[in-house]
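Asker: Put chain B on the given structure of chain A with help from the hints.
Line by line, the protein sequences are chains A and B. Quick note on this note's numbering: the first sequence kicks off at 1 and runs consecutively. Quick note on this note's numbering: the second sequence kicks off at 1 and runs consecutively.
To spell it out: a stretch of chain B is covered by chain A in this simulated footprint if at least three of its residues, at any positions, have a beta carbon under 8 Å from a beta carbon of chain A; those stretches are:
hint: 1; segment: 22 to 29
hint: 2; segment: 88 to 99
hint: 3; segment: 224 to 230
Partner residues aside, some chain A positions facing chain B, computed with beta carbon under 8 Å:
hint: 4; residue: Gln11
hint: 5; residue: Asp36
hint: 6; residue: Tyr37
hint: 7; residue: Ile49
hint: 8; residue: Met53
hint: 9; residue: Met92
hint: 10; residue: Ala96
None of these hints come from the bench; they were simulated from the model. Heads up, the beta-carbon is just placed ideally off N, CA and C, and yes, glycines get one too.
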Amino acid sequence: MAQASAHAQGQQHPIRLYLVVWAWLFVLSACSYFVDYFQLEGLLRYSLILLFMMLKAGLIIAVFMHMAWERLSLVYAILVPISAVLVFVAIMVLEADYTLLSRISFFSPGT
Amino acid sequence: MTEQAFTEGTTGTHIEASGLRSLAADFSSDRQAFRSISWGKAMMWIFLLSDTFVFSCFLISYMTARMSTTVAWPNASEVFALTIGGTSLPLILIAIMTFVLISSSGTMAMAVNFAYRRDRRKTAVLMLVTALLGATFVGMQAFEWTKLIHEGVRPWSNPWGAAQFGSTFFMITGFHGTHVSFGVLFLLIVARKVWRGDYDQERRGFFTSRRGNYEAVEIMGLYWHFVDLVWVFIFAFFYLW
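Chain A extracted, bound-state conformation (with noise of 0.2 Å):
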């Protein structure tokens, strides 16, 4: 019965909160568009793209999956082992350099 009711009372936040993300869910997703819509280029481009990204899944993890509130076993036990796929991101940029470098040494460009 305790552990019922430590649940019935778990997570309160006032709306408030919600909609406040929930805007700036909207601006973020917005500024990204006009980065399309303008057609930035270069580092400003990528740079840009991931800023606002990374911004919106913060906000999506910590306020709306309530990542912020939870216990610090559970948070590590989720964010740790996603580094792993920022190694595999980084073998494989080695690998698909050395892949188009293969292709533009011994086939002709364009096939």
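Answerer: Just chain B now, kept in the frame of chain A:
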């Protein structure tokens, strides 16, 4: 029950650690590591972590294909442009889909909030709105697929450039769309239970025979927000990059 008795028995001497110490204490406790977190919620998080790896593999293979091809990659901005009222708007359908999915995440977050206030009606209505927005998203995706297939996009070729564009597009958006579709189904099932008052009466579940609890709405919400989260990454890497 025994676990609870154990906790209550030791509360007198037990000092609650915080920060990194709580992390070490939880993992070295030789019992339930995720204290105060129900099995349902922990399992949903672990499922979502495994799903993160699935989507990561798709996005990484897309990155590898795009980086290593010597053929120019089709310009997503032009491919996904729509002509509305005589003017061509780049990526407009994708932008609308993004707003629809974010709105559904907002209504889901509020449904979870009302569920913990034990407001049966508001929770069920907000979940149905979420399901409706999710179905709208899938409908728009079906429209997008139809349009691209008519324009000649196939998993092995397309009229604008690198052939891998089609295969990665269908794979990534198809898998995401499937997640949204199952999410809608999952939402309707949980919304029905909320509406019927299963979580007020602690009615036993069909599969688990365990007593229903409003936490089911939060667990459902975790899945739904995850689907929105994946779209954030697909939007950034596939459509904008």
